Every structure is written in structure tokens, then in C-alpha cells.
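Trainee: Protein sequence lines, in the order shown, are assigned to chains A and B. So for the first sequence, my numbering puts the first residue at 276; every next one is plus one. So for the second sequence, my numbering puts the first residue at 52; every next one is plus one.
Please keep in mind that the hints were generated in silico from the structure rather than gathered at the bench. In this text, all values refer to a predicted model and were calculated from it rather than measured experimentally. Treat the hints with caution; some may be incorrect.
As the list claims (entries may be wrong) - Computed, partial: chain B to chain A, Cβ under 8 Å: (1) Thr135; (2) Gly157; (3) Thr210; (4) Pro236; (5) Ala251.
Said to hold, decoys possible - Now the stretches of chain B that chain A is said to cover, found in silico as 3 or more residues with beta-carbon under 8 Å: (6) 123-131; (7) 239-246.
Even for Gly, the Cβ is constructed at its ideal location relative to N, Cα and C.
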Amino acid sequence: MDAISLIVKSIFVDNMIFAYFLGMCSFLAVSKSVKTAVGLGIAVTFVLVLTLPINYLLENYILKPGALSWLGEEFAEVDLSVFSLIIFIAVIASFTQLVEMAVERFSPSLYHSLGIFLPLIAVNCAILGGSLFMQQREFPNIGTATAYAFGSGIGWMMAIVGMAAIREKLEYSDVPKPLKGLGITFIITSLMAIGFMSFSGINI
Amino acid sequence: MALSSKTKAVLLGPLNKNNPILVQVLGICSSLAVTSKLEPAIVMAIAVTIVTAFGNVIISLLRKTIPNRIRIIVQLVVVASLVTIVSEILKAYAYDVNKQLSVFVGLIVTNCILMGRLEAFALGNGPWASFLDGIGNGLGYGWILVVLGFFRELLGSGTLMGYKVIPQSFYDAGYLNNGLMILPPMALLLIACLIWIHRAKNKDLQETTN
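Given only the sequences and the hints, what does the whole structure look like? Please build it.
Mentor: Here is the structure:
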């Protein structure tokens with residue numbers, strides 16, 4: 276039950292994009308067509324769900340102060356949390372490489388339409404952000420961590436797909452010249468974020 | 052020291068015509084999240100400028116030895132080490148601000164400005180030019196952050212750097228703080244306004260499609 280409410284919460288209330296602005300760069304750049312948006316959303320969710328549990332284990336059994344106590348008494352004082360950033364990003368970067376190879380092998384058309392943004396998943400703030408939030412919130416077990424990763428990924432995907440759908444319709448509208456392209460995208464994101472604010476404060 | 056016109060362009064271009072946030076659309080995440088108050092915005096701007104400049108220098112020095120296929124991982128490791136140093140310094144000397152910035156200090160690692168500049172500039176230019184490029188982009192990013200932080204704190208809480216600026220008589224006359232300014236959506240809207248002003252001034256940057 277906890278896991279389900281955590282998933283719902285991370286999709287709607289703590290939405291990666293609308294509440295924390297994580298992963299904005301690719302959100303703004305790849306949201307021009309629904310099809311690519313779905314592809315990128317799945318890739319991001321996939322990488323999140325894979326890397327977050329791994330980082331959770333690393334955090335709890337190696338990096339946290341006192342986490343090494345399973346090695347013996349003399350390691351109980353060791354605090355390796357200084358290295359957490361480097362280790363998290365190394366895990367994420369290598370998994371992104373794996374996903375890139377998998378997508379290239381199984382869906383070349385998606386590979387070409389995502390272009391540079393596939394390797395850039397490694398630097399998608401949403402993924403490192405997920406790991407850092409995991410570190411900050413101290414989830415009780417690996418199951419909740421995975422549930423959180425899944426919810427965040429789905430929330431991110433939903434946001435980018437919705438944005439792409441609106442932008443496809445937007446082609447036919449008459450926007451003031453200086454606002455064309457980037458400007459109007461920001462305004463739409465802002466309006467969507469105001470919509471998502473209505474979820475905040477809900478206790479599930 | 053006289054600067055040649057090329058170095059000048061590298062240093063000052065990002066402040067206006069080639070601004071990382073308004074034109075290149077890099078580093079949006081952090082610019083939105085840390086600007087609800089002026090102080091964290093300034094700290095963040097300084098931190099990003101330092102990391103960008105030194106990351107650029109290191110990658111530029113290493114650029115001939117990094118194999119092309121694994122360059123992203125190498126870049127990430129270099130940047131992550133620099134960010135770790137910055138975050139430890141912040142924890143030691145500015146603990147409160149570090150708390151307010153929470154995960155966003157760590158997220159400098161994935162700040163697109165860093166990766167964007169490393170990929171686009173440092174891999175093809177010498178260390179000195181890369182250093183200037185890093186400083187320029189950091190400042191270009193920084194002034195947007197400061198402007199956003201200024202307006203959001205002034206209108207949202209009526210304070211600047213924690214000091215009250217709007218006199219009590221205003222409140223007595225019925226003036227209210229606009230609580231919406233502190234919330235995330237207004238940051239997006241303010242950036243949209245900045246883009247609007249910027250592109251109205253620089254007509255050549257306007258896009259033709261939506």
C-alpha cells in the first residue's frame with residue numbers, strides 16, 4: 276500500500292518537472308512531436324528504474340556513514356558520502372550507454388529521432404535528481420526506492436507527452452513574434468505547472 | 052590588459068546574444084529552482100561560474116587524450132569531482148545556504164551548461180580561451196539568476212537578501228505579498244517574460260515556427 280501511494284504521489288504531487296524542474300533541458304528540446312516524446316519518456320523511466328535501486332544499495336551498504344559496518348567493527352566509523360556524486364553519476368552514465376546500445380539495436384528509427392538526446396539522458400537532471408532525493412529522503416527499503424523511481428519516471432513521461440501534444444496543436448496558432456518557439460513553451464509549462472499545483476497538499 | 056576582439060566575443064557573447072539560458076536553452080532546471088530568494092541565487096551563480104570555468108580548463112587540457120567514445124563519462128567524472136569540492140566548501144562556510152539549495156548543488160553536475168560548453172567549446176579550444184568561455188557563460192547564467200531572484204524575492208516576500216525593503220506603511224495601506232511569486236510556475240513565467248524582452252530587442256533571434 277505504501278508503494279502505491281508513493282507512486283501516485285511522485286507522479287502527481289512531486290512531479291519531477293512541475294514541482295522540481297528536473298530534466299527541463301530535454302523536456303523543452305524534445306517535446307516537438309508526441310512520438311519522440313513517448314520514446315524519450317520510456318527511456319528515462321527505464322534508466323531511472325534501473326539506476327535508482329543500484330544507487331540505493333551503494334548508498335546504504337558502502338557510502339553512508341557507518342554503512343561499511345558489515346565488513347567488521349573497524350569500518351563502522353568510515354564515512355564515504357563525499358564520493359556519492361561521483362559514484363552515482365558513474366552508474367547513471369554507464370547505464371545510459373547500455374540503453375543507447377539497446378535502442379540502437381532494436382529500434383534504429385527511434386535512435387535517429389532521439390539523436391543527441393539519448394546520450395544526454397546521462398546528464399538529465401531528473402535521473403541524478405532521483406538518486407539525490409533518494410539519498411535525502413532515506414527510504415526504508417529498496418522496494419520503496421524502486422517505486423519512487425517508477426513514479427517519477429512516469430510523471431516525467433506524462434509531462435513531456437502532454438507538452439508535445441499541446442505543441443503539435445500550437446502550430447496553427449498565432450503567437451506574438453518574440454514569443455515564438457521558446458517563449459510560448461515556457462508559458463505553457465508554467466500554466467501546466469499551475470494546474471499541477473492543485474494536487475499539492477493532498478495526503479495519500 | 053587589452054583583449055583582442057575574439058577573446059572579447061568569447062567572454063561577453065554569452066552575456067547577451069549567446070546567453071546560455073535565453074538563447075542556448077541550457078541550465079534551465081537550476082535557474083528555476085533556486086531563485087525563490089536572492090541569496091541562494093547568487094551563491095548558485097558563483098558556484099556554477101567556478102565549476103564551468105575550471106571544468107572547461109581541465110577538459111581543454113585533456114582534450115587530445117580522451118577517447119571519443121567515452122568522453123561523456125570522463126567529462127562527468129571531472130565535473131563531479133569539481134562539484135564535490137564546491138559542495139564541501141559550501142557545507143563548511145555557508146551551511147544555511149547549502150541547506151536551502153539542497154540537492155541542487157549536486158545537480159550542478161548535470162547542469163546542461165557544463166556539458167554543453169564542454170562539448171561545444173572546450174573540446175576544440177585551448178585552455179585560456181576555454182577558461183574565458185566558462186567565465187562568460189557562468190556570468191551569462193548568473194545575471195539571469197540574479198534578476199529572477201531579485202524579482203521573486205521582492206514581490207514574493209517583500210525582502211531582499213533577508214532584509215525588509217517594502218515599508219510597513221505599504222502593508223498598512225493594504226499591500227500584500229504575491230505568494231504566487233515564490234511558487235515554481237512563476238519562475239517559468241518570468242523567464243518567458245525575459246525571453247520576450249530579449250527577443251523583442253534582438254530581432255535576429257526570433258524563431259519562425261512555434
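Trainee: Now, for every hint given, state plainly whether the structure supports it.
Mentor: Status of the hints after comparison with the structure:
no.: 1; hint: Thr135; verdict: 5 Å, holds
no.: 2; hint: Gly157; verdict: 5 Å, holds
no.: 3; hint: Thr210; verdict: 23 Å, violated
no.: 4; hint: Pro236; verdict: 4 Å, holds
no.: 5; hint: Ala251; verdict: 4 Å, holds
no.: 6; hint: 123-131; verdict: holds (count 5)
no.: 7; hint: 239-246; verdict: holds (count 5)
Comparing the model with each earlier hint shows a violation of hint 3 alone; every other hint is respected.
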